[in-house]
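Visitor: Sequence:
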Amino acid sequence: GSLEPMSLPADSGETVNALFVSMDRRIPKIRISTRQLQNDLENLINMRIVVAVDSWGRLSRYPSGHYVRSIGKIGDRET
57 GSLEPMSLPA DSGETVNALF VSMDRRIPKI RISTRQLQND LENLINMRIV VAVDSWGRLS
117 RYPSGHYVRS IGKIGDRET
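Residue numbers for the sequence shown follow this note's numbering, beginning at 57 and rising by one.
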């Protein structure tokens, strides 16, 4: 799947949130929180990535997860 930005803070030390959107629409969006630099996150937004679900609170709309690895660029045939 790929990342959809939720909020991009101005300060590089803040937590950045994004939603992972799976290519399989049966899988819910997954909230990813990271302290990576904004440029690194913007690079991931243009990539197909793999994430893992860590938890899903009873009152949370989305499960929480973390980035595992990149598969390749969106639109690249080899991806």
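If you are wondering where the hints come from, they were derived from the structure by calculation, not from laboratory data. A virtual CB, placed ideally from N, CA and C, is assigned to each residue, including glycine. Careful, some of the hints might be misleading.
[Unchecked claim] Label-pair ranges, simulated between beta-carbon atoms:
| no. | residue 1 | residue 2 | range |
| --- | --- | --- | --- |
| 1 | R133 | S111 | 16 to 26 Å |
| 2 | R91 | S111 | 35 to 45 Å |
| 3 | R133 | G113 | 20 to 30 Å |
| 4 | M79 | D110 | 15 to 25 Å |
| 5 | G131 | P61 | 16 to 26 Å |
| 6 | R91 | E60 | 14 to 24 Å |
| 7 | A108 | P61 | 26 to 36 Å |
| 8 | V124 | P61 | 17 to 27 Å |
Visitor: Range hint 17 to 27 Å: satisfied by the CB atoms of V124 and P61?
Guide: holds, 19 Å
Visitor: Taking 26 to 36 Å as the hint, is the beta-carbon distance of A108 and P61 inside that range?
Guide: Because 20 Å falls outside the window, the suggested range is violated.
Visitor: Does the hinted range 35 to 45 Å hold for R91 and S111 at CB?
Guide: violated, 18 Å
Visitor: Do R91 and E60 keep their Cβ atoms within the hinted range of 14 to 24 Å?
Guide: Distance hint for R91, E60 holds at roughly 19 Å.
Visitor: Look at the Cβ atoms of R133 and S111 and judge whether their distance stays inside 16 to 26 Å.
Guide: violated, 35 Å
Visitor: Could one say that the CB atoms of G131 and P61 fall in the range 16 to 26 Å?
Guide: holds, 18 Å
Visitor: Between M79 and D110, is the Cβ distance one that fits in 15 to 25 Å?
Guide: Holds, since M79 and D110 (Cβ atoms, about 20 Å apart) stay within the stated range.
Visitor: Does the Cβ distance between R133 and G113 fall inside 20 to 30 Å?
Guide: Because 39 Å falls outside the window, the suggested range is violated.
Hints 1, 2, 3 and 7, counting from the list given before, are not met by this structure.
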